[in-house]
Amino acid sequence: MQGGGRVRSRSLSVTMRRSAMTLQNNMAKNQRGEAAPSSRMTGRERQMGGFSLLLESSDDEGPEEVTFEDSKADARRSMKRALDTARREKELLKEKRRKRQELFQEQKKRKLLSAEVLEEIDSTKQEQSHVKAEEEAEPEEVEGRKRNWKQNAARNLKGNYTVTTVKQSTLASSQLKAAEDFLHSRMYGPGSRRTTSNEMLSLENKMGKNKSAAVQFVKKNWACQKKAKAEKLKKTWIHMQQIPSS
Amino acid sequence: MGEFKVHRIRFFDYMPSAIRAMAFSTRTERLALARADGALEIFNFSDNYFQEKVLPGHDGRAVEALCWVGPRLFSAGLNGEITEYDLENLRPRYTVDAYGGPIWTIGVNSQGTLLAVGCEDGTVKMFEVLKERIQFQRNLDRQRGRIISLSWHPSGTLIAAGMMDMIRIFDAETGRATHRLVVDRGAGASKSKEVVVWSIAFLSDYTIISSDSAGKVQIWDGLNGTLIRTHLITKWDVLALSVSQDESSLVAGTSEGTVVQFQFLSSTVDRLDKDWVRTRTFKNHSHDVRALAHTETAVVSGGMDTQLVVRPLLDKVEKNTRESAIRKVSFPHRSLVCCAKKAGVLLFQFPDHLELWRLGESDGYGKPGGSLPVKRGPEKLIQLKRKGEDHICCSALSPCGGWLAYSTVTSFRLYRLLNGSISICKVSKLPKDLRPAHQLCFSTDSSKLFASSSNSSVVVVALNEPECKYLGTLKAKYGCRQPVHLLSASENGKWLATANTDCEVHVYNLDKLKLHCTVPVYGSCPTAMAIHPTTSNLVVVHADQQIFEYSLVKKEYTEWSRRLQKQGLHSLWLERDTPITHVTFNPKNPAHIIVQDLFMFCIIDKSLPLPEAKNVLYNQMTLRSLPEPDRVLHSHGFKICKDFQHLLCVSLLEDHSLVVVERPLLDIVSQLPAPVRQKKFAT
Chain W
1 MQGGGRVRSR SLSVTMRRSA MTLQNNMAKN QRGEAAPSSR MTGRERQMGG
51 FSLLLESSDD EGPEEVTFED SKADARRSMK RALDTARREK ELLKEKRRKR
101 QELFQEQKKR KLLSAEVLEE IDSTKQEQSH VKAEEEAEPE EVEGRKRNWK
151 QNAARNLKGN YTVTTVKQST LASSQLKAAE DFLHSRMYGP GSRRTTSNEM
201 LSLENKMGKN KSAAVQFVKK NWACQKKAKA EKLKKTWIHM QQIPSS
Chain H
1 MGEFKVHRIR FFDYMPSAIR AMAFSTRTER LALARADGAL EIFNFSDNYF
51 QEKVLPGHDG RAVEALCWVG PRLFSAGLNG EITEYDLENL RPRYTVDAYG
101 GPIWTIGVNS QGTLLAVGCE DGTVKMFEVL KERIQFQRNL DRQRGRIISL
151 SWHPSGTLIA AGMMDMIRIF DAETGRATHR LVVDRGAGAS KSKEVVVWSI
201 AFLSDYTIIS SDSAGKVQIW DGLNGTLIRT HLITKWDVLA LSVSQDESSL
251 VAGTSEGTVV QFQFLSSTVD RLDKDWVRTR TFKNHSHDVR ALAHTETAVV
301 SGGMDTQLVV RPLLDKVEKN TRESAIRKVS FPHRSLVCCA KKAGVLLFQF
351 PDHLELWRLG ESDGYGKPGG SLPVKRGPEK LIQLKRKGED HICCSALSPC
401 GGWLAYSTVT SFRLYRLLNG SISICKVSKL PKDLRPAHQL CFSTDSSKLF
451 ASSSNSSVVV VALNEPECKY LGTLKAKYGC RQPVHLLSAS ENGKWLATAN
501 TDCEVHVYNL DKLKLHCTVP VYGSCPTAMA IHPTTSNLVV VHADQQIFEY
551 SLVKKEYTEW SRRLQKQGLH SLWLERDTPI THVTFNPKNP AHIIVQDLFM
601 FCIIDKSLPL PEAKNVLYNQ MTLRSLPEPD RVLHSHGFKI CKDFQHLLCV
651 SLLEDHSLVV VERPLLDIVS QLPAPVRQKK FAT
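Taken in order, these protein sequences are the chains called W and H.
Under the numbering used here, the first residue of the first sequence carries the number 1, and numbering increases by one thereafter.
Under the numbering used here, the first residue of the second sequence carries the number 1, and numbering increases by one thereafter.
Derived by calculation from the structure, the hints in this document are not laboratory data.
Hints may be right or wrong, so weigh each one.
A partial selection of chain H residues facing chain W, derived with a Cβ cut-off under 8 Å [said to hold, decoys possible]: (1) G60; (2) A62; (3) G80; (4) G101; (5) P102; (6) V196; (7) K555; (8) S670; (9) L672; (10) P675; (11) K680.
No farther apart than 25 Å at their CA atoms in a straight line, the calculated lysine-lysine pairs in the PhoX-like style are these [as the list claims (entries may be wrong)]: (12) K387/H / K219/W; (13) K209/W / K566/H; (14) K227/W / K426/H; (15) K375/H / K227/W; (16) K566/H / K555/H; (17) K566/H / K211/W; (18) K177/W / K193/H; (19) K235/H / K209/W; (20) K226/W / K380/H; (21) K387/H / K167/W.
These numbers come from a predicted model, not from an experiment.
Heads up, the beta-carbon is just placed ideally off N, CA and C, and yes, glycines get one too.
The shape of chain H in the complex, shown without the other chains (with noise of 0.2 Å):
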């Protein structure tokens, strides 16, 4: 008999949203990303492409475009609103209605100050942004049919936009419409369909760039209104366009799940006759690709198939290293799964509902490796659905079962379950401190709960059955305003550690209820943290890979931890480019640490020697191979399985058996929607 009993989970039925659009805001290298169901995320570029903050969606924000003015991020959707969000309380800050139906697409001018917006009623809306609110200018010329895209020129006095059948020119300041642009309907069958100008980018030489339905990227004159060259790309759509910031090269993405890009290079030596010219084509995705956006070094596209993908470009970084590898984000950076270690119950967070299941049971005994026979199979307990129209943002789950709480942004929901977490009542009684909370954690007796609010505070409510009773609220030092997105509590509860997107972890005496200590910053966002339940360690893991172990009583690094971070991590695994989301201890052996990303986990053991840059990191299968007192010699600290993959959740029970959250890829690629046909010879 191995050394554990795994349960193996596969009916976590996690669907993620289609990519709908992206804005890249190059000061401060954030992107952030709009998904089909409102959710919105950012992604911190310059910390190995971790996603920082994820705003929950909402019923009817269609999100159609986003658009970064300066630090603040606005977005339009089909619900004919434009909403600037709060990226420090991760919810929107307010929503003006445009008047003029839904709109398409969002633009602001390169001095920040006006921000057009296309709308359905062929008008384009000019606000001006100010500095806690957008304001109505005015209307420009108003149109006969829809607006889909817009493009300011670099100087703002110029605006195209594309609409159906063609593309019209307004002068900004006097908001007359100078040029008409019409563009070719498709051949053949799509030559009765009006076709649709689905991107437009205005360069600064006046050159337009446009892309459409009917497959064509055509380049116009912008001063004189006439075109200048057509490329026909694809047989299907074209459906976005991101143009470098320094006009040098552009892309193109298409329904294909192609991406094209577009150099504006000379054909000769001398650099007189520039022209557009198609380079590369990449086909990373297998569905369409509706948002682009083309950083300095790399272009970064999404679409219906939900990955995200950040292909660098070969020739601004170097070969064959860590920034030229392709990067795609396919599972959330956070956990959705919260497993009740005592109770050997599940909870399931989707947007819409939580789900509870109970594990099945197994007797029998095997061999490693092999599967056991299921005495009873595992069984939902509960489904619950959220009220009101927000996602949910965060739930929890007790250790013992017996709690469950959930979060939107506007309300916060607790909840009794008894009978064997069968049966279920809301707990209507709540103190009013506790308002919407980015983050939730239980304590291990049951007896408290933590909900992180604004200013990196966090709250604490005692569990009681008619009414909850508000203890305190932890606050951090002053100025600290990001949201906290990782608590932990220790299993003798006296300690809470927080952590925010600042980089910042805080550990807070709950016995006291005031603050402990404050871990030194280290550069990179921390993915997972955990404290230790015997020696009160508290083990933070990085978005870079890097490991550090705290000691809470001495409020100094451990031995062990200064000993790995002069050793250095081994190569492959600072390799890795899916953060680690969970960390977790074993009761039977304190001197293992468990952790787990998307592809693995893997078990560390501090009492082994760490492995050195020339040892083999993956090998367990090596070992297993060896007779047994060689394998002491070549063993290390790092303990590997990649058995499962695309790991949600890893977790160890209290009788000692470990339980896998798996979400095969394939699952979530065969209930995507209809991709385009292709004909390929022989099939």
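So here's chain W without its partners, still in its complex pose (with noise of 0.2 Å):
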């Protein structure tokens, strides 16, 4: 009886409380120029699950008795649900992922060469790669692994044709050019205040005592292979109006 009660009593005083602010709620709705609360009303309901029967009547009614298995029940219900809606989402993703996966080894298995050419192709660079390895002694490992695979000059597929490589750049030739990007980067790169030499031999005209045209007056280097392929076809027209009157 004295539980009962005084979950009445609080029952009582939340709802007191709900429709304060029910009431609150409403009078700014209506100064808002909402809608009745009619659906926000259903929401809360569903929220609060043994509550509705009494906030579907009106608010002077009696406060409902709700037990606390009850109440509890409810909690574990809606827990499990959160629970539930977590895992499925997260097999929703797996499934997802796993899809994009097998898509990609597809693509992937679509882009390689079919595997009797791969393994010829392998036997072949066995064989070079050993002979490379033999001919050259270089310190570092990392570099020589990576110069057996470039080293491949002629690779011999299944045909009369070879590939081979344009020019073969060593370590030393990398970091000649690497040395060399140094120093021009430093000399020429961003920062180094730099003009072009016309534009210097321009100052020194303006600055000296005969004064004359620019040294780079016309751009004379404009369009060569127009001026040549014109200058061929004025030949061949020359040509061409001679062979009648000889």
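Dock chain one against chain two, each of which comes alone in its own frame, and use the hints as you go.
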């Protein structure tokens, strides 16, 4: 009796508070000019579960009796539902990932050569890499591995053509290039405040005693190919003109 | 109509290469110069700054530093190799890989026993200088960061190395790095970029002088590792430093093209508080100065504008004399153009290819000094690329235009030109005695090829269509080791004259294939020579502008030559600073000798009187203004024409027209890389 009474009193105070809140909400919504808050009520009803009977009827009615077990069951149910949704979402994601991975594998398989061709290349590569490895003794091993791959100057595929690289760049030449790039970037790179030779000559011209035309007054190297083509055309035209006359 | 029709040629696109490093040897008075394409040049400073030897370049031999060890020349480059050069055969003797990545600097200790190189991986490697080779000794302490410059202390115990953002001092015996001197970065925008210590010098009083990319020259105390003074000399980089032998003067070269001199002077009368004081500034370059050498009397500088400038210091030489004049070497002192006189075809030699051009034609008549209409323009017939990575050392074209030969350091190639020099085919069967040559020459009737080889000898080969036959080797007397740089065959095919860099001139009899005579040695190196077609007199011009005429038949100097020596040449002739590079003759007038240097060509008329000291030398313009009868009274034998400038070749064709190949300096300057941007008032 006591516990129930207390619940009753609690639920009463809760309902009082809730009805006060809904009153305020209604007033605010009337000011804003909103529609009847019936839909809102239904949402809250869903959450409250056991208290719905209470709010369907008017605010003056007495509080409904709700047992402790009921509310515990409700809470457990809602938790289970949440866990269920989480698990479902995880599974969905897993499914998506698996499908994408399969798609990629399929694409990769399509891109690579067939297995037999690969085998053939592999066999020739093994032979060649053995020969090359014997010929050169390089101190660095990482580079050596890379080099074995690159050094296959000739691969014989099925047929009578060969695939060759144009020029073998060695470690020394790549270091040389890097050093030259460093020097170039320090002297001519960003922040080096440089101008062109043409400008320098123009300045000298401007400040000198006898002022004359700029050194590169006309850009002579424009449309080289077009000019060469025109020259050729002119020659053939003259030739054609001369043939009927001769 | 004037006397000669002149083919004025400006389509030789000769482009010199930037100067990268230089080293001066005080013992032998020679300057070694390294260019960006790997070519090396040796200048003889005691012989009117003549360019004695040229070693052709190599693809990928990016030389960064040069070093003389006694009479031996070493270079180090970004390809990671140290190369010793054979200066008698004009080729690299051997290369040693330092295994440290690109090498930035090289330096020898004052005893000449150890060579130190600074590498990209941060090590300073020591090599022992042995008699025929160098041998790796050990590495000094490896540093984090590349070693850009290094300098030995004169005692040989310490090495100062310039790196990025700092200078390290090493003990040469233990190899430990003792001091670390931190170099300030520049102000403003350059605070984020590392400062590169481009050059460093270690003096005998333990002072270190460094120059860096922030434009500073800093003076440090090497014993304590502290900074004494900073001089900010430019807004751009200070790329090179050079200290004089007596350590009283120092020069620094900047990216602006200025060379700043510092001297060790005291500000007051007493000599106790001496300090490095900035004294002079020279602006002789338009682009970056990358290499400097401080000789006893002059400052030698070179850089991206490809010119070598020798600036004598006026407190060491007498003012207003020939020694005090500034010298600029912009073009090579040898001929790069070969003219086939009978065919009217020109051969241009570039480092990586050869070009064959046919001259244009003109019919009209005109006044002297005027230009004639061109009926048919010049055509480029063939462009021949070289094979391999070595640059072309020498090339030649036969007078009939039917044979073309070129040589690199490792190979020799001969080609046959057919159908009026349009089609070309290689002659594959060459005699094996025909090794790579320093100089090539065809005989006038195009039947023989002369190729100079080692020990001043010349190989003679007969030119035949399917296979060339080796005829013989002309050997000079025993002991001649220097390379032959001049070859001249006579028109009647009887004589061949050779000159080597030891100032020896030998004449061979081609009928017997033996040495005929040796011209008495004159102290200066011959720069050009030729044999007269009818009188068989050998005319030799030397680097000090002296001219000699030697009769091959009588084996003695001719009478005209003795008269010239007795009277002496005109002072203005002797003061010219570029050597004569070509001597030729006029078929119509046997008394004429035509000589050419960079700024003028001169027709020497032996029948006219020689100019005396009081006469005006360049008198062609004044003579033209005089009436006819007076001209004879005032004219002398040296008729100089300065109408065409920066001459690379002057030649007389068989149809009596003159071929003049010019290369205006402005065309070269307009194609140079970017100079620094300098803000000038009102521009």
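Right, here's what the structure says about each hint:
1. G60: holds, 7 Å
2. A62: holds, 6 Å
3. G80: holds, 6 Å
4. G101: holds, 5 Å
5. P102: holds, 4 Å
6. V196: For V196/H, the interface hint holds, since the closest Cβ of chain W sits about 6 Å away, which is under 8 Å.
7. K555: At 54 Å from the nearest chain W Cβ, K555/H fails the 8 Å test, so the hint is violated.
8. S670: Because about 5 Å separates S670/H from the closest Cβ in chain W, which is inside the 8 Å limit, the hint holds.
9. L672: Since chain W brings a Cβ to about 5 Å from L672/H, closer than 8 Å, the hint holds.
10. P675: holds, 5 Å
11. K680: Interface hint status for K680/H: holds (6 Å vs cutoff 8 Å).
12. K387/H / K219/W: violated, 34 Å
13. K209/W / K566/H: violated, 44 Å
14. K227/W / K426/H: Violated. K227/W to K426/H sits at ~33 Å, over the 25 Å cutoff.
15. K375/H / K227/W: With a Cα-Cα distance of about 21 Å, the restraint between K375/H and K227/W holds, given a limit of 25 Å.
16. K566/H / K555/H: Distance ~19 Å between K566/H and K555/H Cα, so the pair holds.
17. K566/H / K211/W: violated, 48 Å
18. K177/W / K193/H: holds, 21 Å
19. K235/H / K209/W: With a Cα-Cα distance of about 28 Å, the restraint between K235/H and K209/W is violated, given a limit of 25 Å.
20. K226/W / K380/H: holds, 19 Å
21. K387/H / K167/W: Holds. K387/H to K167/W sits at ~15 Å (cutoff 25 Å).
When held up to the earlier numbered hints, the structure conflicts with 7, 12, 13, 14, 17, 19 and fits the remainder.
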